[in-house]
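Model the full assembly from the supplied sequences, consistent with the hints where possible.
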Amino acid sequence: MNRVKRTLAPYLLVLPGGLWLLLFFVVPMVTMFSLSLQQGDIVNGYVFTGHWQTYVDAITNYQTQLIRSLVYGLITTVALVVMSFPVAYWIAFYGGKRKSTYLFLILLPFFVSFVLRTISWRQILTDDGMLLHPLKEAGLLSPGFHILGTSYAVIFGLVYNFLPFMVLPIYVALERIDPRVVEAARDLYAKPLTVFRKVVFPLALPGVFAGVLMTFVPASSDYVNSGVLGSSSTTMIGQVVQAQALANSNYPMASALSFFLMAVLLTGVFSYARVLGTEDVMNAAAR
Amino acid sequence: MTQRRFGRRDALRLGGTSALGAFLAACGVAGKGKPEASVAPDAVQKFWSGKVKNGKVDFANWPLYMDPKKPELKKFTAKTGIQVNYQEVIQEMGPWFAKVQPQLSAGQSIGFDLMVITNSLQFGQFRNSGFLAPLDHSKLPTYTANAAKKYSQESFDPGNVFSIPWASGITGIAYDPKKTGREITKLADLWDPAFKGKVGMFADTQELANFGLLAAGLKPGDSGEGEWKRAAAKLKEQKDAGLVRNYYDQSYVDALGKGEVWLTQAWSGDIFQKNVSDGTNFKFVIPEEGGTIWTDNFAIPVTAANPVDAIMLMDFFYEVENAASLAEYINYVCPVPAAQAQITKDAAAASGEDKALLTEVAGSPLVFPGDADYAKLHYYVDFDTAEEQQTFAGIFEPITLS
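Protein chains in written order, with the UniProt record's numbering: chain A, 1 to 287; chain D, 1 to 402.
Incorrect hints may have been included.
As the list claims (entries may be wrong) - In the DSSO-like style, the derived pairs of lysine-lysine whose C-alpha atoms are separated by at most 27 Å in a straight line are:
1. D:K283 x A:K136
2. D:K234 x D:K186
3. A:K136 x D:K179
4. D:K186 x A:K136
5. A:K136 x D:K196
6. A:K136 x D:K258
Calculated from the structure, these hints are not laboratory results.
Encoded structure:
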């Protein structure tokens, strides 16, 4: 009896979460995959025909936007690592008693909705707005100079919006480093840079890894920033999916694009895990 | 052993794959409505028989399409005892259709008895799917008496079988005369290299296509694939020359206000309202080559719980006083010609700023266009089949999404 209980226990424990995933992740995913292989229109309904051509069309028609999304995601992620590491380092090692206050300050803007924050940047960066207008008046910028509608604006928005998702995991990893390890390295006459390179950074890697996961994937598939801050020459794949699904009711195309993007992102994430020597992605993210 | 044996695992795997295939085929999106139900000769009688007044109506409309104090709705409740739950939930036609389509095709209520939908691609989708209740014209006496006759001839719903207008509007060009430094009179100005990077166009493929067609000397109403390609080439030329700053939704008003664009495709009422509320001095013109006219329409979803209350409210807005007070606020084209005299009367009774404003509204060709204005206005591209729609979208989309 006891043995039965012991064998069943793990399954029972996984049941609530498992059911949740099955219902709200697996079922929609399978439905979406099925939809990507269907043909028809919204009025007469879609019928499953195993039409793989939609994938070919999706990739050939929208390769520019796909590549652009990945490039924007990559630039954003690199910029975030470079910006977040010093911040997280400073909070973890020099934050003292105020650590939680500093972390709270980083999170503070996030009490306002994502879309509202992005629209606020639009107000600030606009052509005759509070930032550019005085500079143009002073003759420091040409009257035609603009930021809105360029790739810079979109990447800026992405970096701004995803910053805490990089700072927090890196902070958590750094926070866990035992100060005695650093002390020991110094005792062994390691220079500060060597301590960082050989001790601190390798120990913080799981945090960087988690941060990259949490920013690269959503940044590449984001459609708000490029919609609000960009123009028709900064269209990202998320916008195409949105337009196909909502404006055109072309559900197969929207599903095919989403699935393809997911496949590309997963491949990217797993090869990144390989390179980093972290075999078990989830393990690294959870550490 | 060089060859792998076909083992139990493989059998399971194969079985799994074909089961997955069957499963994939079984799930998906049912788009089918019941088009035949609403075009049958007895459709009107069938839909309306047994339906009674329930004392409430849920009304879905676009933002900024009624005075926030809702004087007309208060009046309606006082007169009929029907409570109106007014919600500004419609922002764009495509997403609205996508949102309510699953409920409508399942025969469930969408939570609204009345909605305002534009004569867009989606109007056709609503109609062809059988999602719109056929209107009982015996319940619309005021509409029959007061509406301008031309509205019964609109190509998207001839004879007003499923819809009657809420308001119409004109798509033309809005500009900031201080920035352009000259008067803007024609579509060709949107292609003028002098305004490089300062031109705004609409992201909506139909609106965009209409201007491309008109600029290429074609008529949207009777265009086909060949014409669409020519229009797209014309628009591509404009884009490649770096003239277009962006393709906008309603946010073009903001972009014009912030100097992001100097001249832009625009909807008539917006500019009037912007000038009044922000004290700006933008101009709106119907281009020499022509502009387009569109209509936002009242329609009752087939699954409405309170259709009788809804149709009473529709008819109520055709009483001259109500039509006039609505037009005074929203400044879009009013479907009731007699409202013009009413607004002139209201202007005479008002004083100061209000008087000036009402006089302007009554005399405005944007609210009450004359025959000469109508001659310059074109209807939208018509589609016969869903395939045609997809072809159209495929031609114009690469311009806005690139």
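Verification of the supplied hints:
Simply put, K283 of chain D and K136 of chain A have alpha-carbon atoms about 25 Å apart, close enough for the 27 Å limit, and the pair holds. Taken as a hint, the K234 of chain D and K186 of chain D pair is honoured in the structure, with Cα atoms around 15 Å apart against an allowance of 27 Å. Note on K136 of chain A and K179 of chain D: the hinted pairing holds, with a Cα-Cα distance of about 15 Å set against a maximum of 27 Å. For the given pair, K186 of chain D sits about 30 Å from K136 of chain A by alpha-carbon distance, which is inconsistent with the 27 Å threshold.
Pair hint K136 of chain A plus K196 of chain D holds up; C-alpha atoms about 18 Å apart against a cutoff of 27 Å. For a cut-off of 27 Å, the pair hint linking K136 of chain A to K258 of chain D stands: about 14 Å separates their Cα positions.
The structure shown violates just one earlier hint, number 4.
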